[in-house]
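Peer 1: Each chain, written out:
There are 2 protein chains.
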Amino acid sequence: MKEFNTIRTRANRLDSPDKATGEAIYVDDISKPGMLFGALLQSPHAHAKVLSIDTTEAKKLPGVKAVLTSKDVGTIPYGVSPARYDETVFVTDKVRYVGDEIAAVAATSLDIALKAVELIRVEYEILPAVFTVEDAIKEDAPQIHEKYKGNLTAEVHQEFGDVEKGLKESDIIKTTTVKNKRQDGAFLEMQGCIAEFDRRGNLTLTSGTQTPHYVQRTVAMVLGMDIGKVRVKKPYLGAGFGIKAAANPMELACCFLAKETNKPVKMNYTREQVFMFCRARHQFTHTITTGAKKDGTLVALKHECTLDGGAYSSFGIATVYYAGSLLAGPYKLPNMSYEGFRVYNNKPACGAQRGHGAVIARAAFEQQLDMIAEELGIDPMELRIKNMMSRGDTTCNDLNMSSFGMSECIDAVREGSDWDRKKGNMPIGKGIGMACGFFVSGAGFPIYRSDTYHGTVMIKLTEDGGTALVYTASAEIGQGSDTAFAMIAAEALGVPLSAIRLASGDTDMGVDLGAYSSRQTLMTGHATKDAAEHVKSQVLAVLAEKLDTPVEDMDIKNGFIEFKNQTLDFSELRTTYIKEHRGWIDNPDSEKLTFNEASRIAYLEKGTIVGTGKYKPVFLGGKYKGAAVGTSPAYGCSAQVAEVTVDMGTGQVIIDNVTDAHDCGKAINMTSVEGQMEGSVSMGMGEAMHEEVIFDDKGNVLNNDLAEYKLVTAMDMPKVKSIVVESDEPNGPFGAKEVGEGAIMPTIPAILNAVYDAAGVRIYELPLTPERVYTAIQEYKERKGAA
Amino acid sequence: MKEFNTIRTRANRLDSPDKATGEAIYVDDISKPGMLFGALLQSPHAHAKVLSIDTTEAKKLPGVKAVLTSKDVGTIPYGVSPARYDETVFVTDKVRYVGDEIAAVAATSLDIALKAVELIRVEYEILPAVFTVEDAIKEDAPQIHEKYKGNLTAEVHQEFGDVEKGLKESDIIKTTTVKNKRQDGAFLEMQGCIAEFDRRGNLTLTSGTQTPHYVQRTVAMVLGMDIGKVRVKKPYLGAGFGIKAAANPMELACCFLAKETNKPVKMNYTREQVFMFCRARHQFTHTITTGAKKDGTLVALKHECTLDGGAYSSFGIATVYYAGSLLAGPYKLPNMSYEGFRVYNNKPACGAQRGHGAVIARAAFEQQLDMIAEELGIDPMELRIKNMMSRGDTTCNDLNMSSFGMSECIDAVREGSDWDRKKGNMPIGKGIGMACGFFVSGAGFPIYRSDTYHGTVMIKLTEDGGTALVYTASAEIGQGSDTAFAMIAAEALGVPLSAIRLASGDTDMGVDLGAYSSRQTLMTGHATKDAAEHVKSQVLAVLAEKLDTPVEDMDIKNGFIEFKNQTLDFSELRTTYIKEHRGWIDNPDSEKLTFNEASRIAYLEKGTIVGTGKYKPVFLGGKYKGAAVGTSPAYGCSAQVAEVTVDMGTGQVIIDNVTDAHDCGKAINMTSVEGQMEGSVSMGMGEAMHEEVIFDDKGNVLNNDLAEYKLVTAMDMPKVKSIVVESDEPNGPFGAKEVGEGAIMPTIPAILNAVYDAAGVRIYELPLTPERVYTAIQEYKERKGAA
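These protein sequences, in sequence, are chains A and B. Heads up, the first sequence is in my numbering, so the first residue is 110 and it goes up one at a time. Heads up, the second sequence is in my numbering, so the first residue is 110 and it goes up one at a time.
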């Protein structure tokens, strides 16, 4: 007998047919009768006082139904972290970046709305603007927010162990500074939403969000409504990558416009507005000092980081913590200090993006490990294996590796990439590199610090007994979560996947914190399993009574009721309950009782069978400030090997192949796990190789389209060998943990280490443009020539 | 302290604002991306063999995506009563009425679909057709259905007591024959639907139906699908009156077209097609013989009835039973016999319409009561009071008057109409008349004979504790049921109506047999109350534990938790659970604990709070065949007085006013009860005065529009004095029972009796056209002159 019937298979995703046929409904596919179209007036200046706003002409334009500014909607502050609510729907006194929202218009057509936006007259008094961390922290720098002196969003000062002592005891110390460039989420579907009030004052916001729950909370807070009167619904979503994980000002403006006009209002960002809004990966500058013993034992890590935050905090408080805390593993590291500073300036705000905060820190650190290994003459893999934590170990900052398939991942990529044969034996211009990484499976607390549930799920059986309807507020954002939860429900209930219908992304269905921090498979998965078990127990309890058999002697497997050591006669039961329904209860004459029959009997006996499930992690994290950020019920871990070709004449880098192993605890849908691994490699490659949001000196994005912002395309993708490792996470449903973000961690440093192996140069500034690599090669040649 | 806080008030209906502003979404307001439009080919002949169907040219037309006939969709028979499944989606061998469905087309526009329908070539062999009961029952009449010999859909032969003996013992015997004309439902919204398959084979049918549950069952059966894979959703509905209480062939064709094309398909009936489809009130011919003692005591009723059924049975089997069984009350009647025959012919099928089956029988019988009263010199009211049943009495055919406010109704209309002063004292041409009636509050069995639940309801509390989401599959069809269930939920839960959000009309939400037989307030109301009590018990159980107080000592009233004889301190509870949510938990410092707080505490303690409720009537009805039809958990009863003016020169009748009293057990929403009473008077007036579907001799409807089919308009309505009587029905939720159909019962006979009072003529054929009344007056004058 197989251990599992549904999970660990390669299931067809529930959403694939809709997406393959173009029939999937996204926000912009939806129209409502009488719907108006909204548009935003956004600042053309990076920093300016708003002296006056004149909406007279805009309001006069035929077809315009509402023009709103902060005078109309109030100035309730909001943001991501309650500790740093630094935004309002529309600006009050001044604009802080090119794109800051000043007003919104609803009109009978988008053309009219856009025309009306042009008719709004704003008087500005231009203020000096700052666009870099360096300029923003100068003593006389213009202050972006009155309340947050020195343009600091947040600062972190942490020390675990004694770093200075550790460094003194080290035989080898490496210090490097690594920086990346600002990224854009560059998802295919731009943000969009439709807000609609019913006449009893209930609001439905249909939005392209990763986090219906947080949007619901923010909308309720900013509009002054009860949470129970706000319903947020997410249709299909064209990805988010973290950027869509919080309410945006367009969503809020849209709700206010709908309230004002008593009509449904639709709004969409253009691609330019997506770049303007940003909220994607920060530009980080990491200075890292690592100390090790001669034998390679890591002793201390000293880490300083600044984050180029932009005009608002967004996820910044969490980001600055993550940038530090996730270096404490997967290696034993007794002493670690971290100084982090997230700095405001007059660019769009940065936020969370896949691998939130930890990606560039990992790139810097894993490069240093290679440098230390080289200097000590140890194979880089061996150095990592030597320092590797074990299952059950806890990092210096209290992260517990409750499952830990790191060694299996290293073994897998070592063998899969033919590392031992290739490493050290590549010709000039060809290189191989590796790196490891790990990431959280959800955050220990909701963003707003509460002990509420992270996920609740309802499962209802249909009256015919044949179908289980799974209701979850979780967010399918393209990652395959709907399919994963349907599979978990099927597995836990003991029915085939075809017996599951699932509805998600609707706050009326329950609480779910949404798709961020790689939390859903573990957390929503738990709630789904819990609900399915609740349903199962109710069905079996009825059978137990009717057949006079203890519940413990029964189980449901693959659509059949399994009885322990018993040959029971179901004919009486069938005569009483099923007879009249032959034709639509399957298999009524089989020797085995089907789930369909049992579920129908339970319905007739008890009425609607509804199971509820919930999940809340146990208290996680240490006692230090910020402990909650980074602590998780479980950590996914991964190793990757990259092979590259560097054109020594031009500096052009080509990724030849990637071998990728990830420990996801237990694969729910094997194909989706691999999909997340490959997606992570693709995104990591883009960041390593060419992604960069470029600004002019006024704070305008110069490459605000997908022609000039260079993503990795299918043509650029190397062969990726994905190896799924399963460590059976004790805190995960059926042993599952994250894969969506952890898999990006090793990609950049593996590439950087491979480039070094190929060309002998270390690149400390991303992306790896040919110019940058070429320059490094020339400097290297000069140094070698000089030596 | 008031007994009730929410019910028995005049609540604003949940649907009123949407409807008043035009924002209510009906089926035809909905569009789906890629949606196709369907059209039906319907027979132009009343009776013909179909020799061949050639769809070649239709399929060639650009834009046509599917053309389906019975060859494509199969011939699974369906209908309303499983005992008489005499329909198929498309005809197989022959057409049976003008409008019979032959084929359906789906195309990219309605224009193309209609054009394609014209291109389908059908070869017919015309058969002789019959259009009347008299012709259809002739020995050599053409047979409409091979299986049902003699063109009989159903026949009923019942006798309770000994009628012949009763008549022999009678001092006075009256025999009359009364007939009406076929009606049309004439609802404002024509039937429409949208069918859509997802790519996993699940079907969603959005349809303008009164009975999502039955449509779901029929669709599943005809398409060969599991019920759990078929979801039927009903948006706002522009009334139904019984006609939309079963699946129609357009719905089924639409599902097949969606399956064939893999696209959403929308179909609508035109007004002409509504008349063609019909399924409205039959033309009845009742011959009734009533025997009474000298003192007015009713002794026996002998009743024969034929129903002009049309080409299919539809609800006909139930109709022919109802036409007999509901004369057994509200008067004591020891002996009753009934012979009923429902006859097929080549007109559209008739079905159920408000007051299903019982309206014309009541009109005939209540006229006879007046005739007997007149001859015996007894006031018609007194005669009725003398024979009136009492609470708890059971009719000869086992209908139990578990509550019975009939006397109160009579008293109310007697006083309200100033009967005692007016009766017998009106000048010629002015008249006053009265009648009584009663009707079921739902049928004892579902149409398909099962002991399944008649209603299941789920109620889920939102995480903030402030809102209860009520999920029901019941059908708001304009009658106000959504509001009634929200009020029942609020009352049972102990919260204000504003705390309720309700979603209905969706088979995924549960089982509900829908809006027919005036069942919802009692049956769905029970299930709603049950679900609310389940929720309440869960919330109070948590409080009981937290406050160490027995559940019995707590209640919820008007949004507050009430504690018996206790002064409890909630500060610790609030500190633990509520503190962090100040701002969105109301009233956190009040001395009283709010429901909002308690519900939030319950959520934090237990997860999602979901209550489930269900209702199934106890076994009802006697042992005789057909006992289930007509038996109900409760019966609404009513009395009406009508005053009329008859123009003795032209025969024109004007209804001057109506005084209407109805015993609804307990009024949930007082305004809606009155609305149903007034609506019933309006519909009864239409039938009495001018409604009549007129056919030519080929079976075509001549007056198939609302210009020529004469409905009662607002201009025609007299003043109606509505008096609500409450008898506290023991089988009803909070004592409630029906009002939607019972209130029509006395309208026609009250008018007929008033016309007699005014003009001295009894009219035995409806409607009361001036011609018919004029002719009767002339005959009366001649008789008088001759006498």
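These aren't lab readings, by the way, just hints derived from the structure by calculation. Don't take each hint at face value.
One copy or two, either will do: identical chains are not told apart, so a pair holds if it fits within one copy or between any two.
Stated by the list, open to error - The calculated lysine-lysine pairs, modelled on DSS-like cross-linking and capped at a C-alpha distance of 30 Å, are:
id, residue 1, residue 2
1, K128, K141
2, K725, K655
3, K368, K141
4, K715, K732
5, K655, K715
6, K168, K128
7, K666, K715
8, K688, K725
9, K655, K893
10, K688, K256
11, K128, K368
12, K688, K732
13, K158, K441
14, K402, K495
15, K539, K180
16, K247, K688
Peer 1: Hints first: check each against the structure and report whether it holds.
Peer 2: Evaluation of the provided hints:
1. Taking identical chains as interchangeable, the C-alpha atoms of K128 and K141 lie at most 30 Å apart whether they share a chain (22 Å) or sit on different chains (16 Å).
2. Taking identical chains as interchangeable, the C-alpha atoms of K725 and K655 lie at most 30 Å apart only when they sit on different chains, with a minimum of 20 Å there against 35 Å within one chain.
3. When the C-alpha separation of K368 and K141 is checked against a cutoff of 30 Å, the pair qualifies both within a copy, at 15 Å, and between copies, at 25 Å.
4. Taking identical chains as interchangeable, the C-alpha atoms of K715 and K732 lie at most 30 Å apart only when they sit on different chains, with a minimum of 28 Å there against 48 Å within one chain.
5. For the homomeric pair K655 and K715, the shortest alpha-carbon distances inside one copy (12 Å) and between copies (29 Å) are both at most 30 Å.
6. In this assembly of identical chains, K168 and K128 lie within 30 Å of each other by CA distance solely across copies; the values are 28 Å between and 40 Å within a copy.
7. Taking identical chains as interchangeable, the C-alpha atoms of K666 and K715 lie at most 30 Å apart whether they share a chain (22 Å) or sit on different chains (28 Å).
8. Taking the shortest Cα distances, K688 and K725 sit within 30 Å of each other only across copies (19 Å), while inside one copy they are farther apart (43 Å).
9. Taking the shortest Cα distances, K655 and K893 never come within 30 Å of each other, neither inside one copy (85 Å) nor across copies (76 Å).
10. Taking the shortest alpha-carbon separations for K688 and K256, only the inter-copy value of 26 Å comes in at or below 30 Å, while the best intra-copy value is 73 Å.
11. When the C-alpha separation of K128 and K368 is checked against a cutoff of 30 Å, the pair qualifies only between copies, where the shortest distance is 18 Å, while the shortest distance within a copy is 33 Å.
12. With identical chains, the CA atoms of K688 and K732 are at most 30 Å apart between copies only, with a shortest distance of 22 Å across copies and 62 Å within one.
13. Taking the shortest alpha-carbon separations for K158 and K441, neither the intra-copy value of 51 Å nor the inter-copy value of 87 Å comes in at or below 30 Å.
14. Within a single copy, K402 and K495 get their C-alpha atoms as close as 12 Å, which meets the 30 Å cut-off; across copies the closest is 111 Å, which misses it.
15. For the identical chains of this complex, K539 and K180 are neighbours neither inside a copy (62 Å) nor across copies (67 Å), given an alpha-carbon limit of 30 Å.
16. When the C-alpha separation of K247 and K688 is checked against a cutoff of 30 Å, the pair qualifies neither within a copy, at 82 Å, nor between copies, at 41 Å.
Going down the numbered hints, you'll see the structure goes against 9, 13, 15 and 16, while the others check out.
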